[in-house]
Amino acid sequence: MLVARVVPDVAGIDKAFDYVIPPRWATTVSIGSLVRVDLNGRRIGGWVVGLGADPPAGIQLRAVAKVSSAGPSAEVIELAEWAAHRWSGRLATLLKTASPDRMVPVIPRAPDGADPALDGVEEFAAAAFGRPGVTLVRLPPGADVHAFVLAAAATGDAVIVTPSVGEARHHGATLRRNGGRVYLAGRDFSQAATAGSVIGARSGVWARVRKLSAVLVIDEHDEGLQEERNPTWHARDVAIERARRAGVPCVLVSPAPSLSALAVADHLISPSRADERRGWPTTRVVDRRKEDPARGSLFSPQLVDLVRSGRRVLCILNRKGRARMLACAMCGELARTGDGTGLMSEIEGALQHEATGETRPLVCAVCGATKLKRIRLGISRAAEELSSLVGEPVAEVSASAEGLPPNRVLVGTEALLHRAAAADAVAFLDFDQELLAARYRAGEQAMALLVRAARLVGGKQKGSQSEILIQTRLPDHRVVRAAVRADPGEFAAEEAAIRRAAGFPPFGALAEISGAPAAQFVEPLQSRLDVDVLGPRADGRYLLRTENADHLAEVLASAVRPKGRLRVAVDPPRV
DNA sequence: CGGACAAGCTGA
DNA sequence: CAGCTTGTCCGG
109 MLVARVVPDV
119 AGIDKAFDYV
129 IPPRWATTVS
139 IGSLVRVDLN
149 GRRIGGWVVG
159 LGADPPAGIQ
169 LRAVAKVSSA
179 GPSAEVIELA
189 EWAAHRWSGR
199 LATLLKTASP
209 DRMVPVIPRA
219 PDGADPALDG
229 VEEFAAAAFG
239 RPGVTLVRLP
249 PGADVHAFVL
259 AAAATGDAVI
269 VTPSVGEARH
279 HGATLRRNGG
289 RVYLAGRDFS
299 QAATAGSVIG
309 ARSGVWARVR
319 KLSAVLVIDE
329 HDEGLQEERN
339 PTWHARDVAI
349 ERARRAGVPC
359 VLVSPAPSLS
369 ALAVADHLIS
379 PSRADERRGW
389 PTTRVVDRRK
399 EDPARGSLFS
409 PQLVDLVRSG
419 RRVLCILNRK
429 GRARMLACAM
439 CGELARTGDG
449 TGLMSEIEGA
459 LQHEATGETR
469 PLVCAVCGAT
479 KLKRIRLGIS
489 RAAEELSSLV
499 GEPVAEVSAS
509 AEGLPPNRVL
519 VGTEALLHRA
529 AAADAVAFLD
539 FDQELLAARY
549 RAGEQAMALL
559 VRAARLVGGK
569 QKGSQSEILI
579 QTRLPDHRVV
589 RAAVRADPGE
599 FAAEEAAIRR
609 AAGFPPFGAL
619 AEISGAPAAQ
629 FVEPLQSRLD
639 VDVLGPRADG
649 RYLLRTENAD
659 HLAEVLASAV
669 RPKGRLRVAV
679 DPPRV
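For the first sequence, the numbering used here assigns the number 109 to the initial residue and increments by one for each residue that follows.
Calculated from the structure, these hints are not laboratory results.
Any given hint could be a false lead.
Calculated cross-link-like contacts (lysine to aspartate or glutamate; reagent style EDC-like; alpha-carbon spacing at most 16 Å) [said to hold, decoys possible]:
#1 LYS568 - ASP595
#2 LYS204 - ASP126
#3 LYS123 - GLU189
#4 LYS319 - ASP223
#5 LYS174 - ASP117
#6 LYS568 - GLU598
#7 LYS481 - ASP532
#8 LYS568 - ASP252
#9 LYS204 - ASP220
#10 LYS398 - ASP584
#11 LYS204 - ASP122
#12 LYS398 - GLU454
#13 LYS479 - GLU441
#14 LYS174 - ASP223
#15 LYS568 - GLU454
#16 LYS319 - ASP220
#17 LYS319 - GLU183
#18 LYS174 - ASP220
#19 LYS479 - GLU454
#20 LYS204 - GLU189
#21 LYS481 - GLU454
#22 LYS671 - ASP640
#23 LYS481 - GLU399
#24 LYS568 - ASP532
Taking the hints into account, I'd like the entire structure generated from these sequences.
Here it is as structure tokens:
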């Protein structure tokens, strides 16, 4: 008697149940198959995660009611089980991500004969796929990533992941024009499972392929690769594990590699300094401390000149969050914490850092002036002010708005960097907001913004007209310096030293614990030497820190879960 | 999740 | 004590 272990597709049940497979489906069903079963009086969908011959004793098994569709391969099911443990989440959530979006009755037979050969594969890109393990390629923003997509597809049945669906479609179409056999993850599930490579956004990392030959992650530093809902799995980490299990090469490409990638890479391929400098645009830094503080405007003379030059300029102002910054009215210095990493706000006539409670008198730390002024300006007012400065209408672009206004000059949040296709210049009106954000990954996230800006204006070879302008009160910050010198490697080294000292990822692992029973969950962990419990913060959240991700997963899996809605976010992206 | 069932609360 | 709410348990 064939018995299937089935994980139901029902929120709230994180458990597998056994069912008998009727003989007529014995050859149809396999590990990963989507089935329908009766559970507790209702008919529900589920995945076969195991097949066996011996039923467990003492339980009268029901039969599988229907085999609905082919699903993830056994390889992917095991990977999902690993990820469910790694990110302390539900297996069913991951299996859903790994499943076709339409029913696939059968996976077609692979075509006979040899696979078509791919022309035009460049030597340097192919070399990255020449050895097993993780190869991290630092590729300047102006360089052609597609060479790696082509080289990946040339290995056979590759899985290729990009940060967004749009990029996946673009690379997929180009690859197909070059004669590559490549399918879009999700939409072309059954073709991809038959033969050829798969390209997709983050969920593409779960795609079913005939016989995995390589994994490629494009822009591995990009936040789009991490799922924001629980479990907060990261496509880069899943890609690395998938390749490792299959014993195939994993290639990660990024202009500004993440510390996580640098920590796990077996091989690092860096461009020459000359190529890297050419690949990044010219970056100009405007030191806002030198501005006339009385003007207090977001628009330095350099910025006004740039905007009046007749070029297409995108002005970026991330006014997300309610951060109100205080700056000295005399010297322009920002009111920061003693270690310079946090922003102080004015609370009851003193300066206070909300997260740590650090307090000091309302006095500028640099010049001793007692007059501080509030600086904050949203994109609407910025667009108005800029319009009057330039003498032509400047449009505002927010995340919610659709399309892109035709104006030559645009002011917008970070969303503008995703929306626009190209520009002569990108100006960050207030880069300090990014640099001083109270998140441990703030530096990397700021670097990611610079990468986007660099792609929009192009590398130096495009001509001296294109540039990035950064307005900041922190001109010596490692992120700003990296952009000016086109040296993300130097940034990574400095950032790593800071992270290592704090024991933050990748030199340790974090989980954010929230929800009503958070305190109760965390309580027994307080006394453990292998777990640091940080918090609670004002909103009742805790952070758990351990030596590494595997250990964190073990701790979370073995801890007692109190009743109530507890939220556990492993590797929280915005802490 | 959603049904079953037990325990707790209310009102006449 | 019926009738209702709230909590806990469990499913193959």
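Take a quick look at whether LYS398 and ASP584 sit within 16 Å of each other, Cα to Cα. holds (14 Å)
Restraint check for LYS319 with GLU183, where alpha carbons must lie at most 16 Å apart: holds (10 Å)
Can the restraint linking LYS204 and ASP126 be considered satisfied, given a maximum Cα separation of 16 Å? Judged against 16 Å, a Cα distance of about 19 Å means the pair is violated.
Checking one constraint from the list: CA of LYS479 to CA of GLU441, max 16 Å. Satisfied? Given that 16 Å is the threshold and the Cα spacing comes to 11 Å, the pair holds.
Hey, LYS398 versus GLU454, does the alpha-carbon distance stay inside 16 Å? violated (23 Å)
Can you confirm whether the C-alpha distance between LYS568 and ASP252 stays at or below 16 Å? Cα-Cα ~14 Å, so holds.
LYS568 paired with ASP595 [C-alpha distance capped at 16 Å]: holds (14 Å)
Would you check the hint for LYS174 and ASP117, treating anything up to 16 Å between C-alpha atoms as holding? holds (14 Å)
Checking one constraint from the list: CA of LYS481 to CA of ASP532, max 16 Å. Satisfied? violated (33 Å)
Has the given pair, LYS568 with ASP532, been kept, meaning a C-alpha gap of at most 16 Å? The given pair, whose Cα atoms are some 12 Å apart, holds under the 16 Å limit.
Restraint check for LYS568 with GLU454, where alpha carbons must lie at most 16 Å apart: It is violated: about 43 Å lies between the C-alpha atoms, which goes past 16 Å.
Under the criterion that the straight-line Cα-Cα distance not exceed 16 Å, is the pair LYS481, GLU454 satisfied? holds (10 Å)
Violated hints, listed in ascending order, are 2, 6, 7, 9, 12, 14, 15, 18, 22; each of the other numbered hints is respected by the structure.
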